[in-house]
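Protein chains in written order, with numbering that gives the first Met the number 0: chain A, 0 to 345; chain B, 0 to 311.
Don't read these hints as lab results, they were simulated from the structure.
You may find that some hints are simply not true.
Claimed, not checked - Calculated lysine-lysine pairs in the DSS-like style (CA-CA distance at most 30 Å, straight line): (1) Lys7/B with Lys163/A; (2) Lys296/B with Lys92/A; (3) Lys95/A with Lys296/B; (4) Lys305/B with Lys130/A; (5) Lys35/A with Lys296/B; (6) Lys235/A with Lys7/B; (7) Lys296/B with Lys91/A; (8) Lys7/B with Lys36/A; (9) Lys296/B with Lys36/A; (10) Lys212/B with Lys91/A; (11) Lys7/B with Lys92/A; (12) Lys7/B with Lys29/A; (13) Lys212/B with Lys130/A; (14) Lys92/A with Lys231/B; (15) Lys157/A with Lys7/B; (16) Lys305/B with Lys29/A; (17) Lys163/A with Lys23/A; (18) Lys148/A with Lys212/B; (19) Lys163/A with Lys135/A; (20) Lys157/A with Lys135/A; (21) Lys212/B with Lys95/A; (22) Lys23/A with Lys305/B; (23) Lys150/A with Lys305/B; (24) Lys305/B with Lys95/A; (25) Lys76/A with Lys92/A; (26) Lys305/B with Lys35/A; (27) Lys235/A with Lys91/A; (28) Lys35/A with Lys240/A; (29) Lys130/A with Lys95/A; (30) Lys35/A with Lys212/B; (31) Lys76/A with Lys231/B; (32) Lys7/B with Lys91/A; (33) Lys231/B with Lys95/A; (34) Lys296/B with Lys23/A.
Keep in mind the model is a prediction, meaning the values are calculated, not measured.
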Amino acid sequence: MSATAAVQLCDVDKIFHTRHFFTKHEETGKRRLYYKKTVHAVDHISLEIKPGEILGLLGRNGAGKTTTVKMISGLVKPNSGTVYVDGMDVEKKRLKVLRKIGVVLEGTRTCVWPLTPLENLSYFGNLRDVKGPVLKERSAELLEFIGLKDKMNVEVRKLSRGQKQRLAICIALITDPPVLLLDEPTTGLDVQSSRAIKDKLIEMTRERGKCVLVTTHDMNTAQEVCDRVAIVHDGKLAACKPTNELIGLFSDQTYHLHVDRIPDLAGVRAVPGVLASDALEDEGTGPRVSVQFCADESERSSALYSVMERLRGSGVTLRSINHAQQTLEDVFLRITEKTSKNGEKV
Amino acid sequence: MGFFLVLKAEVVRSMIVTRRYWFATVTALFVACVMFSAFINIFLSGIVAGADMAGVAVDRALGLVIGIFAFSMVGMFSTGLAGMARSGELEQVYMSPHGLITNFMARSTVATVLSIITWTILLMFVSSAFSAETDGAKADEQVQTAHADAAAVAEATPTESAPGAAGEDSGKKMKADGKIHADPLPMVVLFLLTFFSMTGFGFMIGGLVLVFKQIGQVAVILRMIMMGVAWKASDALYDQHWLLQWVAHAVPVTDAAICLKLVLLQNYGTHIFTHPSFLFLLASVAIWTPIGLICFKAMENWARSKGTLGAF
Numbered sequence: 000m001s002a003t004a005a006v007q008l009c010d011v012d013k014i015f016h017t018r019h020f021f022t023k024h025e026e027t028g029k030r031r032l033y034y035k036k037t038v039h040a041v042d043h044i045s046l047e048i049k050p051g052e053i054l055g056l057l058g059r060n061g062a063g064k065t066t067t068v069k070m071i072s073g074l075v076k077p078n079s080g081t082v083y084v085d086g087m088d089v090e091k092k093r094l095k096v097l098r099k100i101g102v103v104l105e106g107t108r109t110c111v112w113p114l115t116p117l118e119n120l121s122y123f124g125n126l127r128d129v130k131g132p133v134l135k136e137r138s139a140e141l142l143e144f145i146g147l148k149d150k151m152n153v154e155v156r157k158l159s160r161g162q163k164q165r166l167a168i169c170i171a172l173i174t175d176p177p178v179l180l181l182d183e184p185t186t187g188l189d190v191q192s193s194r195a196i197k198d199k200l201i202e203m204t205r206e207r208g209k210c211v212l213v214t215t216h217d218m219n220t221a222q223e224v225c226d227r228v229a230i231v232h233d234g235k236l237a238a239c240k241p242t243n244e245l246i247g248l249f250s251d252q253t254y255h256l257h258v259d260r261i262p263d264l265a266g267v268r269a270v271p272g273v274l275a276s277d278a279l280e281d282e283g284t285g286p287r288v289s290v291q292f293c294a295d296e297s298e299r300s301s302a303l304y305s306v307m308e309r310l311r312g313s314g315v316t317l318r319s320i321n322h323a324q325q326t327l328e329d330v331f332l333r334i335t336e337k338t339s340k341n342g343e344k345v
Numbered sequence: 000m001g002f003f004l005v006l007k008a009e010v011v012r013s014m015i016v017t018r019r020y021w022f023a024t025v026t027a028l029f030v031a032c033v034m035f036s037a038f039i040n041i042f043l044s045g046i047v048a049g050a051d052m053a054g055v056a057v058d059r060a061l062g063l064v065i066g067i068f069a070f071s072m073v074g075m076f077s078t079g080l081a082g083m084a085r086s087g088e089l090e091q092v093y094m095s096p097h098g099l100i101t102n103f104m105a106r107s108t109v110a111t112v113l114s115i116i117t118w119t120i121l122l123m124f125v126s127s128a129f130s131a132e133t134d135g136a137k138a139d140e141q142v143q144t145a146h147a148d149a150a151a152v153a154e155a156t157p158t159e160s161a162p163g164a165a166g167e168d169s170g171k172k173m174k175a176d177g178k179i180h181a182d183p184l185p186m187v188v189l190f191l192l193t194f195f196s197m198t199g200f201g202f203m204i205g206g207l208v209l210v211f212k213q214i215g216q217v218a219v220i221l222r223m224i225m226m227g228v229a230w231k232a233s234d235a236l237y238d239q240h241w242l243l244q245w246v247a248h249a250v251p252v253t254d255a256a257i258c259l260k261l262v263l264l265q266n267y268g269t270h271i272f273t274h275p276s277f278l279f280l281l282a283s284v285a286i287w288t289p290i291g292l293i294c295f296k297a298m299e300n301w302a303r304s305k306g307t308l309g310a311f
């Protein structure tokens, strides 16, 4: 077990078995009297999150993100492996661990709708052993921090989805836990609410030293907010690296040259330092030549000049040049595709 | 300590919700009042003049109150728990560091106290309605008996619900009219035993619901049976076939209802402690409470393995 990790998963594995009676088999489509289905939700995952760090857990639907969060919060028991929170084994000291974590689960009713935000914080504070002046002070501070102070006496059922989600984060923070687990916190929210939650996440880790695990489908959120990103595919950990490193992983020095007409690509390909080239007639931006250069910077520079010279020589007008930027979405798609084909970890 | 914190949280929540939705609360109380008055009237008018038809009416009314209590208590652990799993509330409660058992114990205590308060208010209304009827019209003997019974039921319930508080005065008054006899000590003991017996049974059902969510629907039938048993329970049970007797004793509400009826209606007082039904009630508590808690704990672990805490 790592001494510096706030959360650590050591070779954690989870298999779910479901039994079906008198239902159609999903694969064969035939009605069966009984069949048992096995899903390997989490396949021997090991990762850790350090204090003051935001780790993004990305994956398709059913990849095992929520199961991972639930295993950390003690809601699901792993088949094998150990989960540590603040150095404590979740299975052995579950009730103590619960004092160290705040959890916001996706799509569930995390607050009591007939109560106001202030009453909700009071209710959940009492349930979680926070009481008296500490509870009052913390409730006021959290509502102020999350931007719900003016709504503190409005019934939750009258709040918008974004406000409810922000309240759910407040409830998770009422015990002032060092670890915060957020399962798809921005799903279904408008841009403003999503932005507000992202800002608060960054503020919590940078200013309050919280360790945050956030699962999301929103690649922009992950790219903007997360220090590190872990990609889960079919229950397996496909990649886990710092966000910038992960984005740079598939960076292939490709340049897009926007021109007035498609040139002869054989001439471009003949330039030393050019690895590949492709042409595309884009409806919006017009004709475009994509050229992939070698990694070496000086060779790449001279190759780029040579390509431009060739284009000028053949009477093609060069309108603009862009360095093709990889996004987390591109990386995510490539990693999941690669893992599907070869089963290899990046 | 954890129990009292959770209890406080639940009490505050219930009070806020009751106050905030006061119209719904009052409406529900009014509907229950009307239904209960109608029930007593129909029951009394439906019986051909017998030796103790008012006694039977009170017996049935009391049985109904106990039955409804059992119905709602088991309901909280069956359909209530399944509903909590569906909405995600169960996972939230599970993440409380006091544990699910402490949370549900506090919830059932609050639900019981609220149900007692509701029934007390309701029976007071019914009682005063019958009083007005009797005083105004100088009603015949049957109506007077009904008044006495309704009043007796109304007086009995506070003693049943808060035996220490209602205590002596109501006991004397009931003894004076010769119908209801509410001795504080047996009432306190019986009430606590009934509560623990029902809670233990509820925990067992709740444990099963944690893993097998559809049991919540099946439990509705069980709840109806319990209500029926409480309604009809009497010491005539001991004249039945031995198999039926044992099946009836296995239902946790049977002996509780028999004992409460014997103390309230037949002035058993502290003699109830030597009655076989009291011993069966003790056995019921001794069996159902550990079985319920062990089953709930085991099922809770199984539910974590199956991942069904937040699934329906």
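Hints versus structure:
Between Lys7/B and Lys163/A the CA atoms are separated by roughly 24 Å; this keeps the pair inside 30 Å, and the hint holds. Proximity of Lys296/B to Lys92/A is assessed by CA-CA distance (about 16 Å); at most 30 Å being required, the pair is judged to hold. With a C-alpha separation of about 18 Å, the suggested pairing of Lys95/A with Lys296/B holds against the 30 Å cut-off. Using a Cα cut-off of 30 Å, the hinted pair Lys305/B and Lys130/A is violated, with the two alpha carbons roughly 34 Å apart.
Restraint check for Lys35/A and Lys296/B: satisfied, since their Cα atoms lie roughly 26 Å apart, inside the 30 Å limit. Between Lys235/A and Lys7/B the alpha-carbon distance is near 44 Å, which puts this suggested pair outside the 30 Å criterion. Restraint check: the Cα-Cα separation between Lys296/B and Lys91/A comes to about 15 Å, which is no more than 30 Å; the hinted pair holds. Proximity of Lys7/B to Lys36/A is assessed by CA-CA distance (about 44 Å); at most 30 Å being required, the pair is judged violated.
In summary, the hint linking Lys296/B to Lys36/A is supported, as the alpha carbons are separated by about 26 Å, within the 30 Å threshold. The hinted pair formed by Lys212/B and Lys91/A meets the criterion: a straight-line CA distance of about 27 Å does not exceed 30 Å. Proximity of Lys7/B to Lys92/A is assessed by CA-CA distance (about 25 Å); at most 30 Å being required, the pair is judged to hold. Taken as a hint, the Lys7/B and Lys29/A pair is broken in the structure, with Cα atoms around 54 Å apart against an allowance of 30 Å.
Between the alpha carbons of Lys212/B and Lys130/A the distance comes to roughly 34 Å, so the proposed pair goes past 30 Å and is violated. Between the alpha carbons of Lys92/A and Lys231/B the distance comes to roughly 48 Å, so the proposed pair goes past 30 Å and is violated. Taking the CA atoms of Lys157/A and Lys7/B, the gap is near 26 Å; set against the 30 Å cutoff, the hint holds. Pair hint Lys305/B plus Lys29/A holds up; C-alpha atoms about 26 Å apart against a cutoff of 30 Å.
For the hint pairing Lys163/A with Lys23/A, the CA-to-CA distance comes to about 39 Å; that exceeds 30 Å, so the pair is violated. A C-alpha spacing of about 39 Å is found between Lys148/A and Lys212/B, which places the hinted pair above 30 Å, so the restraint is violated. A distance of roughly 20 Å separates the Cα atoms of Lys163/A and Lys135/A; the hinted pair therefore holds under the 30 Å criterion. For a cut-off of 30 Å, the pair hint linking Lys157/A to Lys135/A stands: about 23 Å separates their Cα positions.
Between the alpha carbons of Lys212/B and Lys95/A the distance comes to roughly 28 Å, so the proposed pair stays at or under 30 Å and holds. For the proposed pair Lys23/A and Lys305/B, the alpha carbon gap of about 22 Å is at most 30 Å, so the pair holds. The straight-line distance between the Cα atoms of Lys150/A and Lys305/B is roughly 39 Å, outside the 30 Å bound, and the hint therefore fails. Note on Lys305/B and Lys95/A: the hinted pairing holds, with a Cα-Cα distance of about 23 Å set against a maximum of 30 Å.
With a C-alpha separation of about 13 Å, the suggested pairing of Lys76/A with Lys92/A holds against the 30 Å cut-off. With a CA separation close to 13 Å, the supplied pair Lys305/B and Lys35/A stays within the 30 Å bound. For the suggested pair Lys235/A and Lys91/A, the alpha carbons sit about 25 Å apart, so the restraint of at most 30 Å is met. At roughly 37 Å between alpha-carbon atoms, Lys35/A and Lys240/A are farther apart than 30 Å, so this suggested pair is violated.
About 17 Å separates the Cα atoms of Lys130/A and Lys95/A, which keeps this hinted pair within 30 Å; it holds. Using a Cα cut-off of 30 Å, the hinted pair Lys35/A and Lys212/B holds, with the two alpha carbons roughly 18 Å apart. Between the alpha carbons of Lys76/A and Lys231/B the distance comes to roughly 45 Å, so the proposed pair goes past 30 Å and is violated. Simply put, Lys7/B and Lys91/A have alpha-carbon atoms about 28 Å apart, close enough for the 30 Å limit, and the pair holds.
Distance check on the hinted pair: Lys231/B and Lys95/A sit about 48 Å apart at the alpha-carbon level, beyond 30 Å; violated. Of the pairs offered as hints, the one joining Lys296/B and Lys23/A is violated, with about 34 Å between alpha carbons and a cut-off of 30 Å exceeded.
Hints 4, 6, 8, 12, 13, 14, 17, 18, 23, 28, 31, 33, 34, counting from the list given before, are not met by this structure.
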